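Chemist: Sequence:
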Amino acid sequence: MHSDWIYSSYAAPQAPAAQVHPLPAALEQWQDPQEQGDYFDQIKVTRVGYLVWSQFPVRVYAQPAPASLPLVQEKWPQAVDQAIQAWQAYFPLEVTTDPNQADITISAVDPTQRSQGRVRSAETRFKLYVDNQQRLSHRCTIQVRANQTETYIAAAVRHELGHALGIWGHSRLKTDALYFSQVRTPAPISARDMNTLKRVYQQPTRLGWPVQQSSETPASPAEP
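Note that my numbering has the sequence shown beginning at 1, numbered continuously upward.
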């Protein structure tokens, strides 16, 4: 599952025009000789265009599992690492231990805690901001319900990372990692997943391009 989370701490910045960024080397080199197709028609376009990254590597931070889930604490690091490594074979990701440097943050959610509210099996959200080089940028947060087996945790993180990397939609085939529903035997990253991701990165976006700030006084951060 995934959902939008738009958040701006700037007063009426003038959004940059949508343009196409150069492909990261890994996507540039990706080829599918068997031409297995894609599900690009299922990808949602946000108000800023396609959710692509333009500064590499994209930095990922995994929060420790909560102390309220001691059994999850044992399997969480390995499951998350497995999911990150799966995408690292195709996309420039770097693990960071500094949450302040992270582009993508992954956390485990204890569904028994009432403070968490209604918890889906997993979801990805994003927020917009203007970076120190005055570029329109975004960060992603991934939350995974952690009372699952290590296999399902890894599959959920792998799926949600696909969203965070730019596949803001779902496949209708069970053989794709971005299939819309949880299945008994989770699929690895498929050629169709990669074909879709590559097409996303060939599209124009407002992300990663400089904004022109309004002359108005900046407003206080808006609540998501």
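Mixed in with the good hints there might be a few duds.
As the list claims (entries may be wrong) - Derived DMTMM-like pairs: lysine to aspartate or glutamate, alpha-carbon spacing no greater than 25 angstroms straight-line: (1) Lys44 <-> Asp32; (2) Lys75 <-> Glu94; (3) Lys127 <-> Asp103; (4) Lys44 <-> Asp110; (5) Lys127 <-> Asp32; (6) Lys44 <-> Glu28; (7) Lys127 <-> Asp98; (8) Lys75 <-> Asp41; (9) Lys127 <-> Asp81; (10) Lys174 <-> Glu74; (11) Lys75 <-> Asp110.
No lab work stands behind these hints: they were computed from the structure.
Please read these numbers as outputs of a predicted model, since none were measured by experiment.
Chemist: If a hint holds in the structure, say so; if it does not, say that too.
Modeler: Taking the hints in turn, this is what the structure says about them:
With a CA separation close to 23 angstroms, the supplied pair Lys44 and Asp32 stays within the 25 angstroms bound. Restraint check for Lys75 and Glu94: the C-alpha separation of about 21 angstroms stays at or below 25 angstroms, so the hint holds. Straight-line distance between C-alpha atoms of Lys127 and Asp103 comes to about 10 angstroms, which keeps the hinted pair within the 25 angstroms bound. About 29 angstroms separates the Cα atoms of Lys44 and Asp110, which puts this hinted pair outside 25 angstroms; it is violated.
Using a Cα cut-off of 25 angstroms, the hinted pair Lys127 and Asp32 is violated, with the two alpha carbons roughly 32 angstroms apart. Restraint check: the Cα-Cα separation between Lys44 and Glu28 comes to about 22 angstroms, which is no more than 25 angstroms; the hinted pair holds. Distance hint between Lys127 and Asp98 is fulfilled; the C-alpha atoms sit about 19 angstroms from each other, no more than 25 angstroms. Restraint check: the Cα-Cα separation between Lys75 and Asp41 comes to about 36 angstroms, which exceeds 25 angstroms; the hinted pair is violated.
For the hint linking Lys127 to Asp81, the alpha-carbon distance of about 24 angstroms falls within 25 angstroms, and the restraint holds. As the CA atoms of Lys174 and Glu74 are separated by approximately 29 angstroms, the hinted pair breaks the 25 angstroms bound. Distance check on the hinted pair: Lys75 and Asp110 sit about 14 angstroms apart at the alpha-carbon level, within 25 angstroms; holds.
Hints 4, 5, 8, 10 from the list above are not met by this structure, while the remaining hints are.
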